[in-house]
Amino acid sequence: MTAKTKDGKEVFAEQRIYMPQSSAYGRGDKMVYSPFRKSGILADTSLQPGQTKVETFSIKFPFEEKDGKVIKVKAKEMNIEIKLWYMPYGGDPKKGVSGKEQFLFFEETKTVTVE
Amino acid sequence: MRLFIGLKKEINIRMKKSKQLFSRGMIGGLFRHLKMVMILLFLSVPVIASTAEKAKTIDELSRMYDVSSCKTCHAKIYEEWSQSYHATSLVGSLGTMSSIAGAVKDGMMKEWTKSGVKDIKDIKVEHMIVCLKCHLPQIKDASDEVAQQIAKSALDGATGNETAIETLKKVGINCLVCHNSKAIIHKWVDGEVESDVLYGNKESAHADVKFKTIKKSPVMKEAIFCGQCHGLGPNFDLPNPSQCATLYGSYLHAYIPSGGSRTCQECHMKNGHSMFSYRDPDQAKNAVRVEVDARGYYFLPRAGYSVPNAVLTVKMTNNAGHRIPDG
Numbered sequence: 047m048t049a050k051t052k053d054g055k056e057v058f059a060e061q062r063i064y065m066p067q068s069s070a071y072g073r074g075d076k077m078v079y080s081p082f083r084k085s086g087i088l089a090d091t092s093l094q095p096g097q098t099k100v101e102t103f104s105i106k107f108p109f110e111e112k113d114g115k116v117i118k119v120k121a122k123e124m125n126i127e128i129k130l131w132y133m134p135y136g137g138d139p140k141k142g143v144s145g146k147e148q149f150l151f152f153e154e155t156k157t158v159t160v161e
Numbered sequence: 002m003r004l005f006i007g008l009k010k011e012i013n014i015r016m017k018k019s020k021q022l023f024s025r026g027m028i029g030g031l032f033r034h035l036k037m038v039m040i041l042l043f044l045s046v047p048v049i050a051s052t053a054e055k056a057k058t059i060d061e062l063s064r065m066y067d068v069s070s071c072k073t074c075h076a077k078i079y080e081e082w083s084q085s086y087h088a089t090s091l092v093g094s095l096g097t098m099s100s101i102a103g104a105v106k107d108g109m110m111k112e113w114t115k116s117g118v119k120d121i122k123d124i125k126v127e128h129m130i131v132c133l134k135c136h137l138p139q140i141k142d143a144s145d146e147v148a149q150q151i152a153k154s155a156l157d158g159a160t161g162n163e164t165a166i167e168t169l170k171k172v173g174i175n176c177l178v179c180h181n182s183k184a185i186i187h188k189w190v191d192g193e194v195e196s197d198v199l200y201g202n203k204e205s206a207h208a209d210v211k212f213k214t215i216k217k218s219p220v221m222k223e224a225i226f227c228g229q230c231h232g233l234g235p236n237f238d239l240p241n242p243s244q245c246a247t248l249y250g251s252y253l254h255a256y257i258p259s260g261g262s263r264t265c266q267e268c269h270m271k272n273g274h275s276m277f278s279y280r281d282p283d284q285a286k287n288a289v290r291v292e293v294d295a296r297g298y299y300f301l302p303r304a305g306y307s308v309p310n311a312v313l314t315v316k317m318t319n320n321a322g323h324r325i326p327d328g
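For the record, the sequence lines run as chains H and V.
Taken in order, the first sequence gives residues 47 to 161; the numbers are from our numbering.
Taken in order, the second sequence gives residues 2 to 328; the numbers are from our numbering.
Mixed in with the good hints there might be a few duds.
[Said to hold, decoys possible] For lysine-lysine, the following DSSO-like pairs were computed, each having C-alpha atoms within a straight-line distance of at most 30 Å:
1) H:K118 <-> V:K203
2) H:K141 <-> V:K183
3) H:K140 <-> V:K316
4) H:K141 <-> V:K77
5) H:K129 <-> V:K77
6) H:K146 <-> V:K316
7) V:K153 <-> V:K77
Quick caveat, the hints were computed from the structure, so don't treat them as lab data.
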C-alpha cells in the first residue's frame, strides 16, 4: 500500500506478506526457502480458503506540529494505491516483471481527503 | 519369439516321449507341472527384460513417452496442454528449474552430507526423485544417467543456458502421465495400470496403434487425482523428504472443513487442459475478492491533539479451494 500527496510525494508505504512459512528439515525457528529443504510449517499467514482476512491501515496526512498541537496540515488529499501481488518465487514487487515474476491480483487507488 | 517357440516345441516333444514311458501317476503330474513352469519361464523372460529396460538419455525417455500422435485427433486439448506448466514441468516459469538446480547444488552437493553426492556423476534417480517424483513421474522408467542429465541441465539452465532449457522442455507431465501412469490410485481395489490402455472418463475403443482401448479411471474427476502430486506436506515416503506443494493438504484440511465441495478440476479445468491458475486474470479474480473501504478524519488521541488521518480497511476473501499462495 502506498500513499502519495497530490504533488506525487510518497508519505506512506507498507507491505504485508501472506504465505506459509517453513523451517529447514522440520527443525529450528528459522524460515527457509526451497522445497528441497522445507519441511513442516512454522507459521502460516496465507489467505485461507473460505476465509476473509481483514487488514487495517492508518495513514497520517502530512502535518506540522508545535507544542503538542497540530498547527498546519500540509496536504489534505492523498492518493492511496492498494495492490495485491502474487509472487510465485518471492522477491520485491517493485522490482519484478509483471506477468513473469509477479502477477497482479488486485489494484485500486483511493483518494482520501480531510477538511 | 522364434527361439522361444522352437524351444517350447522341443520341450513338448521331449515331454511327449516321457509321457509314453511313465504312468499318469505322481511322476506324470510332476512333469506336467514342470512343463508349465518352463513354459512360463520362457514366456516371462522377454517381458521382464522389456520392463527392466530403462531410458538412458532424456531423448530416449522423451521417445518412450512420446505424445505427438495425440495431437492428430486431440489438437485443441493438445494446444491447451502445451500452454500449461505441466507440459514443461522441469522448467515452469524458470523458477521450477531454479528450484531443481538449487536441490542439486545446495541440497545434494552441500547440505545433504550423507547423500553420497559430491559431483553430478554421483547423482542417482533416488536423489532426483525429491523433485521428479512429481515433476517427472516417468523418471521411474529412466536410468541414473538420465537423472544426471536432468541435474546438469537444470544447473546450466539456471545460469541462462538456452540449450539446457530446451533439453529440459523435451520431457514433462504429458498425456500419458495423467491418462495412464497416474490414472489408478487404489490398486488393490481397481487393479494395476495396464500399459496399453488409456484412462479417461468413459470406456471406448481408441483409434491408436498402441493404445487401442480407453477404460474409465475411477478418480480422474476427483480432487484426489490431482492430490497425487499437488501435495500434503513433507514427502515422508522419501529417504530425505522434500516439501514442495502442500495444496492438497490445504484442500483437505481447510477448504473442505470450511464447507467447500468443488474439485480441483471444476475450477482449474473449466476452460480445458491449460489448467491456468495465477497466470490467468479471470482465475485470479475469481480466487480472491478484495474490497477496500477508506475514509479521512481527524483522530484525537488526546485532548487538543487532533491528527488528520486516513483509515483503510482491506478485506481479502479467498474463494479458492486451498490456501493462497500454494502450489
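Okay, the hints, checked on the actual structure:
1. Of the pairs offered as hints, the one joining H:K118 and V:K203 is violated, with about 74 Å between alpha carbons and a cut-off of 30 Å exceeded.
2. Taken as a hint, the H:K141 and V:K183 pair is broken in the structure, with Cα atoms around 39 Å apart against an allowance of 30 Å.
3. Only pairs whose Cα atoms come within 30 Å are accepted, and H:K140 paired with V:K316 is accepted, the gap being roughly 22 Å.
4. Of the supplied pair hints, the one linking H:K141 and V:K77 is violated, its CA atoms being roughly 36 Å apart against a limit of 30 Å.
5. Between H:K129 and V:K77 the CA atoms are separated by roughly 35 Å; this puts the pair beyond 30 Å, and the hint is violated.
6. Among the hinted pairs, H:K146 with V:K316 is consistent with the structure: their alpha-carbon atoms are about 26 Å apart, no more than 30 Å.
7. At roughly 34 Å between alpha-carbon atoms, V:K153 and V:K77 are farther apart than 30 Å, so this suggested pair is violated.
Consistency with the previously given hints fails for numbers 1, 2, 4, 5, 7, ordered from lowest to highest.
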